[in-house]
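S.K.: Single-letter residue listing:
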Amino acid sequence: MTSLNTLPLEEFGLPEIVEIEPIHSCNFRCIQCHVSYETLTKNKIRPDFFKNLKGLEGKWALLGSLYEPTVHPHFREIAQGLSDAGMKLEMTTNGSLFNESLVKDVAHCNWKNVIFSFDGITKETFEKIRRRADFKKTLEGIKRFKDGIENKDTFFAVNFTLLRSNLHEIVDSVDFWEDFGVDHLGFIAMVLRDENKELQEECLNHDLVELKTELELAARRVVEKQYKITLSSAAYSSWMDLKDIYPAHFMESLVKSNNRNARTPFNARTYYQNGHFPGMSVNCRSPFKFARIDYNGNVELCYQFTVGNIYKNEFLDIWYGKEAQKVRDLVRSDPKVCYSCDYFRFCIKAGEVDYDKEANFRNETIDNYYNKPFLVEDKGSYQLVGYGSMIYGFPKSMGDVDPRFLAEYENKPGVFVCATTEEVKQKIDEYFASIDKSEWIPIEIDNWIAHKVVSYGPQLVAIPKGYGKIVLNAEFDFNAPGIFIADDVETLRNAVDTYIKTVNISELMPTVIEQISGYNIVEWQNNFYGIPFTSGQVDLVGATSDEISKIPGVIKSASLNMIKDELRKLDFEPEFIELCLHLGYNAIYFEGVFYAIPHSIGKVDLSNPAERKHPEIISSSDKNKFRREIISKTYAYPLLRRFLGDFGYRTLKGWKIKLLGSGKL
Amino acid sequence: MGVPELIESIGFYNLVQLDEIIFGLPMGLGAVELNVEKINKHPCAFVGKTLEEVIEKIRLNDALSKEKYEPILKDVFGFYNILGWGADLYGVPVSLGEINLHTIKISDYPGIIKSFYRDDLIKEIEEFCRSEHRKMRDLSAGREQ
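Chains D and L, in that order, give the protein sequences. Counting in this note's numbering, the first sequence runs without a single skipped number right up to 678 at its last residue. Counting in this note's numbering, the second sequence runs without a single skipped number right up to 254 at its last residue.
Hint data in this document are derived by calculation from the structure and do not stem from the laboratory. These figures come from a predicted structure and were not determined experimentally. Glycine is no exception: its CB is placed at the ideal position from the N, C-alpha and C atoms. It is possible that some hints are incorrect.
Below 20 Å or equal to it, Euclidean Cα-Cα: the simulated EDC-like pairs (lysine to aspartate or glutamate) are [stated by the list, open to error]:
(1) D/K241 to D/D188
(2) D/K136 to D/D188
(3) L/K223 to L/E241
(4) L/K232 to D/D188
(5) L/K244 to D/E265
(6) L/K232 to D/D254
Heads up, incomplete: computed chain L residues facing chain D, CB under 7 Å, no partners named [said to hold, decoys possible]:
(7) V125
(8) Q126
(9) E129
(10) K183
(11) F186
(12) G187
(13) F188
(14) Y189
(15) I234
(16) R239
Turn these sequences into a full structure, and let the hints steer you where they fit.
M.R.: And the structure:
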């Protein structure tokens, strides 16, 4: 027997288990499985995550837990990589994708535990439950893998999820898998994850007597026939009459015969995580022994806190890092986090789930109102979050706040914790009533199409963007058109949506109508503006019509057709615009004159006659003349340079600038 | 000379009869010549004319044989390993994992059961397990109330 660990279970050190979820996908859609009731992203871990996973020799790598690991196109590389890193491999799989090539490639890997999920032992039952699966092909895949891998000490188990449809196959499944040669058969009662009728009909919460009878018969079969296969089920943890007859053949959730070759499973998950750890209020060591890497590379503790990403940092830096430590501090200081943890209840302590309690067939506790932080409602600049039977009121200006880490915020003014939403709301109102309005700080918290949303005191205010920069204070006219105030986002949204339908949106914000000849045509406050692309971002809000017109190159008109005509006149060919840019000029039309402004002279205010006369600016009111002048530069420039050579040309240009000043050559 | 015949096992001893002589041989002794003089030289191997005589010698020298030899796995019974050690059989719960009977104080482990006869051992193991299961049943019934 080898030693299971080098570090005492109650000490913190390297993780003993790293669970890796290679892909957010599965090739089956089993009726009882969460996969059937969620949107699968098919996100998959990059096989190069290994480069940041070092120093875990001898530790457990658990492949696949919630999804099917073999669906990952690089599954073989992942298994090989973890094996080469010296990790002990466990895998939970449906086994259907093990073709000859895949088995050959992973045969040498360090497989210690392999668990096949297989519900039912007849084609009819199996394919009814495991939608998209083929009974025969799946069995062939499992056999191929089992026979093909090199480590003959690998422990093979089958997980049999119990539903009403396969209840009658429990006892025969013992014979079936004994003949197949697996070491262990685990019976797991289905947990209700959706309210659909089909699933509710499959739930065993009303068949507890029959369920226990069948499981008792299965145990009797194993013991009396001296089978090699061992069994497990949470039901075996509680009393059954068979324990009086064969008391030594039951241990916790396990059943074993007198067969000398019988093997009981080693469950790393339970062994390392289920038990006391200093400072913990529940018997759980998970955050000190276990980490999960999901298909996005996120590293999680406790199946609920993301503490880093494997692509960005070394795994062990994350494991020992500040974020991970924060979680470990939290679970030791706040037992609520653990009491409401499904991973603790259904996975780590799976063998102790009491099947006599109907609530254990659901994945929500009934007695604890809010298991996880949950947005209850908005109240103006506050969000009300439920957690652990309490309601927390946080100012939205605090951003995303997790009440589980409340200790970080406890000294912050304006955070309220009460038993009901009404109490929190009252506290919020009292808080704002107690401070002067001049102390209310407006904070922009959202941005809708034509409005910005500002939290202000106990309320939310929607302000048309067209109002530009405004200061919210007691003097502000909240009755101005387009401005709305509400306690919650939904009411505010409804008011704004209704208003927008009644007005032209361009009255609320500058709106781009069309693009012509290198210009944006923008409608704003009953005028149309042609704004050259070259002007970059122009802030029309808050500027007067005259101010806008003075922006270089901007054309103004009261009619859309007129401005389009104006712009068509300008309609420089794209090649010409490109030529100008190539020569280092911006071509602009302003007050009936065409200008070519060299980039080298920087910003020019064409509304200023003195600046228009800059010697390097080319200008003409005749578009053709203007165009010819620009084009001529393309001839003069290379001809002169060819004649004088580069050195002579630069010398001549230098003398000319010295004597005559800068200007065209 | 006749053929040696295994008559019985007690603890980790095989009781072998050859002609009219009974030998008590520790299982860890390995292959030996069944010669009275040679066997008598082994401190933990015994010779007698009757089964009772040899068993008596084995029991009297139990402490010595336990000191010299390791326990031997003889059988499994459900979640118990049955070990032969000295003159006795020990039922050791597999849940205890790797455990060295040499170094632990056995009385500290109520789940470890010792007996001279196999039937008695099995009966005691069953009684112990049954009472543990019932205790658990009563505890959870108490919690329910």
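S.K.: Hint numbers the structure violates, sorted upward?
M.R.: 4, 7, 8, 9 and 10
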